[in-house]
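Protein chains in written order, with my numbering: chain A, 1 to 108; chain B, 1 to 112.
All the given hints hold, so there is nothing to weed out.
With a straight-line cut-off of 27 Å between C-alpha atoms, the simulated DSSO-like cross-links for lysine-lysine are:
hint: 1; chain 1: A; residue 1: K42; chain 2: B; residue 2: K9
hint: 2; chain 1: B; residue 1: K57; chain 2: A; residue 2: K42
hint: 3; chain 1: A; residue 1: K69; chain 2: A; residue 2: K95
hint: 4; chain 1: A; residue 1: K59; chain 2: A; residue 2: K42
hint: 5; chain 1: A; residue 1: K42; chain 2: B; residue 2: K14
hint: 6; chain 1: A; residue 1: K95; chain 2: B; residue 2: K57
hint: 7; chain 1: B; residue 1: K9; chain 2: B; residue 2: K57
hint: 8; chain 1: B; residue 1: K9; chain 2: A; residue 2: K95
hint: 9; chain 1: A; residue 1: K95; chain 2: B; residue 2: K83
hint: 10; chain 1: B; residue 1: K70; chain 2: A; residue 2: K95
hint: 11; chain 1: B; residue 1: K83; chain 2: A; residue 2: K42
hint: 12; chain 1: A; residue 1: K42; chain 2: B; residue 2: K71
hint: 13; chain 1: A; residue 1: K57; chain 2: A; residue 2: K42
hint: 14; chain 1: A; residue 1: K57; chain 2: A; residue 2: K68
hint: 15; chain 1: B; residue 1: K70; chain 2: A; residue 2: K42
hint: 16; chain 1: B; residue 1: K71; chain 2: A; residue 2: K95
Worth flagging that the hints you see were computed from the coordinates, not collected in a lab.
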Amino acid sequence: EDQVTQSPEALRLQEGESSSLNCSYTVSGLRGLFWYRQDPGKGPEFLFTLYSAGEEKEKERLKATLTKKESFLHITAPKPEDSATYLCAGTNTDKLIFGTGTRLQVFP
Amino acid sequence: DGGITQSPKYLFRKEGQNVTLSCEQNLNHDAMYWYRQDPGQGLRLIYYSQIVNDFQKGDIAEGYSVSREKKESFPLTVTSAQKNPTAFYLCASKSSGQETQYFGPGTRLLVL
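Next comes chain B alone, as it looks inside the complex:
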């Protein structure tokens, strides 16, 4: 089955802790994206990557970091510098030359 997987489904962060959210796709898509979703707001772009070993900041990159060492994987680290990390995090991917992005099931991050 082709698709996008995110893990874990729920993640708890303690004060001052960095946490990493996983995103893997087996769709052979070139571009991958991380969004944050908060109640009453549209999805906001955190980071995106169009090719391996390259990525760009989105609209709300402060307090987050990413890497793109493999085409299939685009992990997101929520650092201790992100003061309001509680949100639903969504990963998406698309094929180059296409416009449509496809989404994973999401990870809900909660702060203890």
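Next up, chain A with everything else stripped away, as it sits in the complex:
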């Protein structure tokens, strides 16, 4: 069965303390791996799409990487405004398979 697992469930960081969020997947014939940011009570905001192992994408303090088994979202020197839930999803058809998310809190 195709599956996406995110870890940790929750992460508390001090402002400036870099870390990584993990997304492990077992999606046969992966056609894309997606990262979204979701603020409380809002819809997910698209961050990145990765298509093949070895691919990397960056946006401000965020960098997403992809291997054949997992993806990482690296957060460099986070700020309190980076606090949100980060969702990972994979696809091999027209449907997305979501993980349960990592809730990130960044304290000043």
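Following the hints, put chain B in place on chain A, whose structure we already have.
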């Protein structure tokens, strides 16, 4: 401004009542999707449509119905057969030939 709109932001349902959630997009996307989000669970697919006048059931379609009469619109009806409708409902769309889905702001459905 191009985007996806959902209305209402909050919706209250009484016992035995059907309610309809609106989703409109002006991105000229072909495919549209409805997801349900519950605390501690990943987003789950309810229904999706790849073209006008055609739609398919997702993983949790029981108790829901949809229509796709226009490319821009994909309303979701939560019927009285859905016994646990309290959730955050999200609409998404994507262009054919692309993989990335974009989401609307969501509707929170509560039961009175």
